[in-house]
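Engineer: Each chain is listed here by its residues.
There are 2 protein chains.
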Amino acid sequence: MAKKSSGRPTSPHYDIVIIGAGPVGLMLSTCLARWGYKIKHIDNRAEPTPTGRADGIQPRSLDLLRNMGLKAAIMAHKPAKVFEVAFWDPPKKGKGIVRTGTWASCPSFIDARYPFTTLLHQGLIERVFISDLEKNGVQIQRPWTIKGFTSDEKSNPEYPVEVNLEHVDGTHRETVRAKYLFSGEGARSFIRDQLRINITHKDPIQHVWGVMDGVVKTDFPDIKMKCTIHSKHGSIMVIPREDNMVRLYIQIASSTDADWNPRKTATEEEVQASAKRILHPYSIEWERVEWYSVYPIGQGISDKYTLDHRVFLGGDACHTHSPKAGQGMNTAFLDALNLAWKIHAVEAGFADRAILTTYEAERKDVAETLLAFDNKYAKLFSQQAPAATDVQAASEQTTEQTEDNDFIKTFKESCEFTSGYGVAYKPNMLNWSPDHPASSPLINPAGIKLRTGRLLNNSDVTRVVDANVVHLEQEIPLNGSFRIYVFAGKPSVTYKALKDFAFHLGSKRSFYSSYLRPDLDAVSHHEKTNPHSLFFTICTILATRRAQVEITRDVPDLLARYRDYIYADDRWDRRVPDAAAAAHAKMGLDQEKGGVVVVRPDGYIGIVTSLAEGSETVDALNEYFGTFCTKKLGDAMSQL
Amino acid sequence: MAKKSSGRPTSPHYDIVIIGAGPVGLMLSTCLARWGYKIKHIDNRAEPTPTGRADGIQPRSLDLLRNMGLKAAIMAHKPAKVFEVAFWDPPKKGKGIVRTGTWASCPSFIDARYPFTTLLHQGLIERVFISDLEKNGVQIQRPWTIKGFTSDEKSNPEYPVEVNLEHVDGTHRETVRAKYLFSGEGARSFIRDQLRINITHKDPIQHVWGVMDGVVKTDFPDIKMKCTIHSKHGSIMVIPREDNMVRLYIQIASSTDADWNPRKTATEEEVQASAKRILHPYSIEWERVEWYSVYPIGQGISDKYTLDHRVFLGGDACHTHSPKAGQGMNTAFLDALNLAWKIHAVEAGFADRAILTTYEAERKDVAETLLAFDNKYAKLFSQQAPAATDVQAASEQTTEQTEDNDFIKTFKESCEFTSGYGVAYKPNMLNWSPDHPASSPLINPAGIKLRTGRLLNNSDVTRVVDANVVHLEQEIPLNGSFRIYVFAGKPSVTYKALKDFAFHLGSKRSFYSSYLRPDLDAVSHHEKTNPHSLFFTICTILATRRAQVEITRDVPDLLARYRDYIYADDRWDRRVPDAAAAAHAKMGLDQEKGGVVVVRPDGYIGIVTSLAEGSETVDALNEYFGTFCTKKLGDAMSQL
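Chains A and B, in that order, are what the protein sequence lines are. Each residue of the first sequence is one higher than the one before, counting from 14 in this note's numbering. Each residue of the second sequence is one higher than the one before, counting from 14 in this note's numbering.
Hints may contain errors.
Just so you know, same-sequence chains aren't split out, so a pair can sit in one copy or run between any two.
[Said to hold, decoys possible] Distance condition first, Cα-Cα at most 27 Å in a straight line; then the derived DSS-like pairs of lysine-lysine:
{"id": "1", "residue 1": "Lys512", "residue 2": "Lys230"}
{"id": "2", "residue 1": "Lys606", "residue 2": "Lys245"}
{"id": "3", "residue 1": "Lys541", "residue 2": "Lys91"}
{"id": "4", "residue 1": "Lys389", "residue 2": "Lys503"}
{"id": "5", "residue 1": "Lys289", "residue 2": "Lys541"}
{"id": "6", "residue 1": "Lys84", "residue 2": "Lys541"}
{"id": "7", "residue 1": "Lys389", "residue 2": "Lys245"}
{"id": "8", "residue 1": "Lys105", "residue 2": "Lys215"}
{"id": "9", "residue 1": "Lys512", "residue 2": "Lys148"}
{"id": "10", "residue 1": "Lys439", "residue 2": "Lys645"}
{"id": "11", "residue 1": "Lys289", "residue 2": "Lys160"}
{"id": "12", "residue 1": "Lys289", "residue 2": "Lys509"}
{"id": "13", "residue 1": "Lys541", "residue 2": "Lys230"}
{"id": "14", "residue 1": "Lys91", "residue 2": "Lys503"}
{"id": "15", "residue 1": "Lys521", "residue 2": "Lys245"}
{"id": "16", "residue 1": "Lys606", "residue 2": "Lys106"}
{"id": "17", "residue 1": "Lys148", "residue 2": "Lys84"}
{"id": "18", "residue 1": "Lys91", "residue 2": "Lys148"}
{"id": "19", "residue 1": "Lys148", "residue 2": "Lys245"}
Worth flagging that the hints you see were computed from the coordinates, not collected in a lab.
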């Protein structure tokens with residue numbers, strides 16, 4: 014969408030310049046490339062990450078990757094999957110270590126499609142994104158680096174950012190102009206430094222850790238599990254990997270040590286010798302070490318994610334923490350996704366620039382929660398194991414019955430957070446809580462189990478046109494549109510309400526009709542997701558059996574145009590075994606009367622309303638969208 | 014494994030020469046290439062199927078493709094999925110057509126992992142196999158054809174087959190020698206003709222059909238479903254396809270017509286006009302026709318699949334039938350798989366050549382069943398729709414309540430067969446039925462739900478080493494080995510039986526120890542499937558919770574060596590909701606005492622025995638394998 018009409022004639026123009034092709038930069042780039050933006054994306058490495066680095070994909074991130082159509086390519090690499098975490102401690106009596114308990118890494122109280130962590134080399138994950146980018150015409154320019162930038166809306170309101178780029182060997186230089194600049198540079202961010210944005214360190218205690226990826230031969234029985242091992246000789250975390258590899262995190266020093274030295278290091282052999290002592294009486298030998306590194310763990314958070322809403326930071330440039338809860342890549346993905354759709358909403362002409370302020374507010378809050386969690390988790394992990402008398406050390410025969418020590422307790426409490434399903438954005442212009450001072454009594458109907466700022470609950474439904482059983486939450490691809498789920502309840506009950514809803518959607522000043530496609534008449538009848546508007550995709554879910562649905566009779570034309578997004582809520586669900594309409598029930602919506610759920614383009618719920626007869630439901634949504642969209646809607650218009 | 018030591022020095026030597034790279038040839042080639050054989054594979058087409066042809070992958074075939082690691086590549090093409098079939102007929106009163114019922118294409122009484130038919134262009138499926146072949150060093154030689162062959166074990170017992178090949182333009186020729194020759198040439202088989210093998214035609218009634226693949230614009234509501242439409246103007250079958258395409262089968266003539274002419278044809282326009290009349294009052298327009306063809310439906314079966322067990326036929330070369338039940342490709346796959354493992358078992362030195370006789374016996378019997386089914390199905394489909402008064406024509410409001418007419422009845426009865434789960438090989442040397450005159454009373458224990466000659470039931474279990482929840486029936490890849498499932502019941506109950514079983518497996522004259530790997534001492538400890546023998550992979554399933562399993566304590570060393578194939582039977586299953594050990598229960602095995610299931614390399618059950626203390630269980634398996642393996646086993650040896 015970039016034009017070359019303004020700015021210095023010699024500078025190429027882009028919608029965005031992205032620095033760094035790690036997870037955060039690649040996610041941002043992939044989204045924006047799919048939505049048609051012109052991107053300059055550089056990275057100072059000659060090629061994608063060859064070894065090591067972050068590699069844990071949490072359950073919710075896997076949902077996201079599936080929604081993007083990238084999951085299969087990742088799974089093709091046969092990653093390791095962590096379903097459970099095992100805890101090992103010194104035995105009550107005697108030497109060595111014993112398993113004191115195991116816990117599901119994504120327990121069944123979380124309704125996850127993929128209740129496991131996926132572990133794969135970061136470079137392979139990066140290549141999946143890079144290959145998708147190439148399909149959309151974006152090549153990462155390597156090895157190039159950023160040398161300077163300016164941002165000035167006054168002198169160039171359309172392309173306010175000027176960026177100077179240079180090949181790492183200094184042989185070539187480029188100056189480009191852009192609407193936005195993004196730093197996905199990692200912890201050492203040139204852009205953040207230039208902006209003089211401070212990092213606040215959360216935790217005074219620091220640790221030095223060794224991390225070693227390799228292929229081992231061992232009789233330790235849990236080598237294919239995620240394990241936390243505390244022994245009298247130190248602590249290890251075991252993380253399984255693809256291709257028979259295993260990653261070991263081994264603590265080398267702590268700022269609570271008498272001789273603390275943050276630059277303390279250890280050789281590969283020293284770390285292996287230490288691992289052998291910790292794992293005793295089990296043996297371990299390395300057949301091959303793929304990667305070994307020593308690094309201090311610090312906990313820091315960037316004070317600002319942007320100064321002018323033109324130059325943004327995300328990922329490790331904003332927050333650093335221990336890698337042990339496997340959150341780095343996942344947090345990076347969600348930073349990028351959050352920013353991507355907001356830039357799109359603004360640049361495509363739907364939303365006010367003001368929504369860009371919610372990026373820092375939402376994502377910094379999540380980072381604070383992550384750091385608070387990581388702090389607690391890392392401290393517990395790094396500290397000396399509790400004395401055997403402090404926990405009811407389980408015998409090898411009864412590995413399950415043990416009273417939780419603090420470490421295990423923290424871990425359990427944090428499962429929802431680490432799975433990614435716990436991310437909750439606070440109420441703001443985009444997320445209308447029950448306390449929102451909106452005038453409509455329809456908002457947040459009684460009994461609702463959905464929470465604005467959180468993900469839609471997972472549910473199975475049957476697609477009407479082809480009888481395919483599908484995952485409702487996955488149906489709309491990541492197309493940058495708001496997702497409007499019309500849970501239509503029982504057709505005999507809601508017939509008029511549904512008709513009224515469609516009528517008022519179609520009326521001239523609705524949020525929907527105010528943003529119709531300019532090429533409306535030329536849209537192919539095969540267009541599925543955006544037949545009317547580029548900003549909305551609508552699903553209609555009827556609380557009846559598929560064979561009883563006749564679309565032309567039961568669904569008003571406007572909604573029926575989304576014929577591939579009409580579903581029967583007729584699948585049995587073990588979580589609501591007695592519900593006649595399980596998807597309605599899982600959302601906490603009345604199975605007869607239904608309700609309307611608006612989900613933001615990134616999958617988080619914006620507002621939930623009743624499905625009422627008359628204009629009220631559309632009025633409520635007009636009020637919601639009217640808060641941040643560029644046009645005056647519905648009543649607001651008539652009141653002018 | 015081919016050697017060049019015998020035969021004419023000028024002829025290259027292969028293990029097998031395969032003619033034709035359609036589904037049957039590709040499946041055979043892919044299996045044998047993976048298992049290390051040297052293959053000459055030719056096809057007379059310059060490239061894979063460009064359009065049209067068979068395209069239905071049935072549920073059981075999808076299981077097989079997944080087991081081969083090929084499912085993801087097929088699903089990446091976003092095939093259409095058929096979950097339901099809709100029946101349309103003339104209404105009781107008035108004109109046009111109405112939906113008289115729908116039925117699941119793979120109803121829930123079939124315990125399928127993928128209860129749908131997958132529809133994808135045959136050329137795309139072929140390319141998935143071709144790409145796998147290339148990874149194993151096999152290139153299809155195109156466009157080449159076979160000009161002649163001889164087979165004479167007397168003059169060359171090791172490479173008895175000589176084959177003359179020629180480029181289709183006649184410019185190049187080759188003569189090669191092989192152990193086997195396979196015709197996957199399709200209905201017009203040069204090899205079959207040369208062998209003077211007759212085709213027996215099963216059905217005197219013939220039909221001429223038009224088939225058209227294309228993109229349409231229509232208001233017919235079931236255009237994305239599989240439909241059988243009978244109207245006063247003729248019959249159509251609708252099959253959805255990938256990329257918004259739809260396939261229509263339209264009857265043009267029948268031998269029961271007064272003016273029957275098997276060479277009757279129709280233009281594209283005539284067929285479209287006919288389709289419009291049949292679909293009235295719905296409209297249909299073609300945006301694009303990808304492929305159109307007219308062909309007569311004949312039903313034939315080859316009298317023999319081989320004469321000398323060196324030159325074999327498979328796929329369409331053996332059986333032709335109507336394409337409408339979507340069985341062609343699936344039957345071809347299973348022909349090839351059945352032959353592949355038997356050739357492997359013989360050539361790798363495990364089985365007597367006599368097992369090759371079971372290929373024709375097993376597969377011809379399945380083809381007879383298919384033709385009998387297809388005959389009935391095709392006749393019903395082709396005949397004039399039953400008068401509206403003959404069936405309780407359902408109103409549009411109650412589309413479900415209709416008494417089944419013969420057509421629907423046949424369809425329902427045949428679901429198990431068409432899904433692929435109904436394939437049942439009769440008792441023979443490989444499949445020991447309850448009536449087998451074996452001396453062991455352990456065979457086919459009371460309560461067993463498994464049937465020899467059929468597939469293992471699907472079940473979920475938890476892998477012990479990494480706590481991954483897995484599909485047990487998918488765990489062992491298609492490695493050409495027999496799969497021995499030791500359902501170990503409750504460890505406290507079967508401790509001695511399991512120990513005894515492992516002890517006798519390990520004793521010198523057991524079927525297991527008689528076929529150890531020659532490189533046993535050099536096998537990597539990372540080897541998962543074949544650590545001891547190339548002919549066996551063993552799974553051990555304990556009826557207990559995963560956290561309670563300690564492999565070193567609960568599983569004898571020989572079985573524990575397959576550490577990635579040890580499972581806890583601790584997953585809840587809706588089909589046996591009250592079972593403590595669902596997998597045991599689904600197999601009909603005692604949840605305390607367990608049992609042993611031997612599955613052939615193609616996934617069909619060979620024998621089921623109790624898990625008894627002492628030597629009896631291994632004795633029974635020695636007797637089973639002793640019937641067809643190359644060495645004298647166990648007691649048989651001591652009795653000599």
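Engineer: Hint by hint, say whether it matches the structure.
Structural biologist: Checked hints:
no.: 1; hint: Lys512 / Lys230; result: between (66 Å within a copy, 26 Å between copies)
no.: 2; hint: Lys606 / Lys245; result: neither (61 Å within a copy, 42 Å between copies)
no.: 3; hint: Lys541 / Lys91; result: between (32 Å within a copy, 15 Å between copies)
no.: 4; hint: Lys389 / Lys503; result: neither (48 Å within a copy, 41 Å between copies)
no.: 5; hint: Lys289 / Lys541; result: between (58 Å within a copy, 25 Å between copies)
no.: 6; hint: Lys84 / Lys541; result: both (22 Å within a copy, 26 Å between copies)
no.: 7; hint: Lys389 / Lys245; result: within (21 Å within a copy, 75 Å between copies)
no.: 8; hint: Lys105 / Lys215; result: neither (35 Å within a copy, 77 Å between copies)
no.: 9; hint: Lys512 / Lys148; result: neither (41 Å within a copy, 57 Å between copies)
no.: 10; hint: Lys439 / Lys645; result: within (25 Å within a copy, 74 Å between copies)
no.: 11; hint: Lys289 / Lys160; result: neither (46 Å within a copy, 67 Å between copies)
no.: 12; hint: Lys289 / Lys509; result: neither (72 Å within a copy, 35 Å between copies)
no.: 13; hint: Lys541 / Lys230; result: between (52 Å within a copy, 14 Å between copies)
no.: 14; hint: Lys91 / Lys503; result: neither (43 Å within a copy, 32 Å between copies)
no.: 15; hint: Lys521 / Lys245; result: neither (73 Å within a copy, 46 Å between copies)
no.: 16; hint: Lys606 / Lys106; result: neither (62 Å within a copy, 36 Å between copies)
no.: 17; hint: Lys148 / Lys84; result: both (16 Å within a copy, 23 Å between copies)
no.: 18; hint: Lys91 / Lys148; result: both (23 Å within a copy, 17 Å between copies)
no.: 19; hint: Lys148 / Lys245; result: neither (53 Å within a copy, 49 Å between copies)
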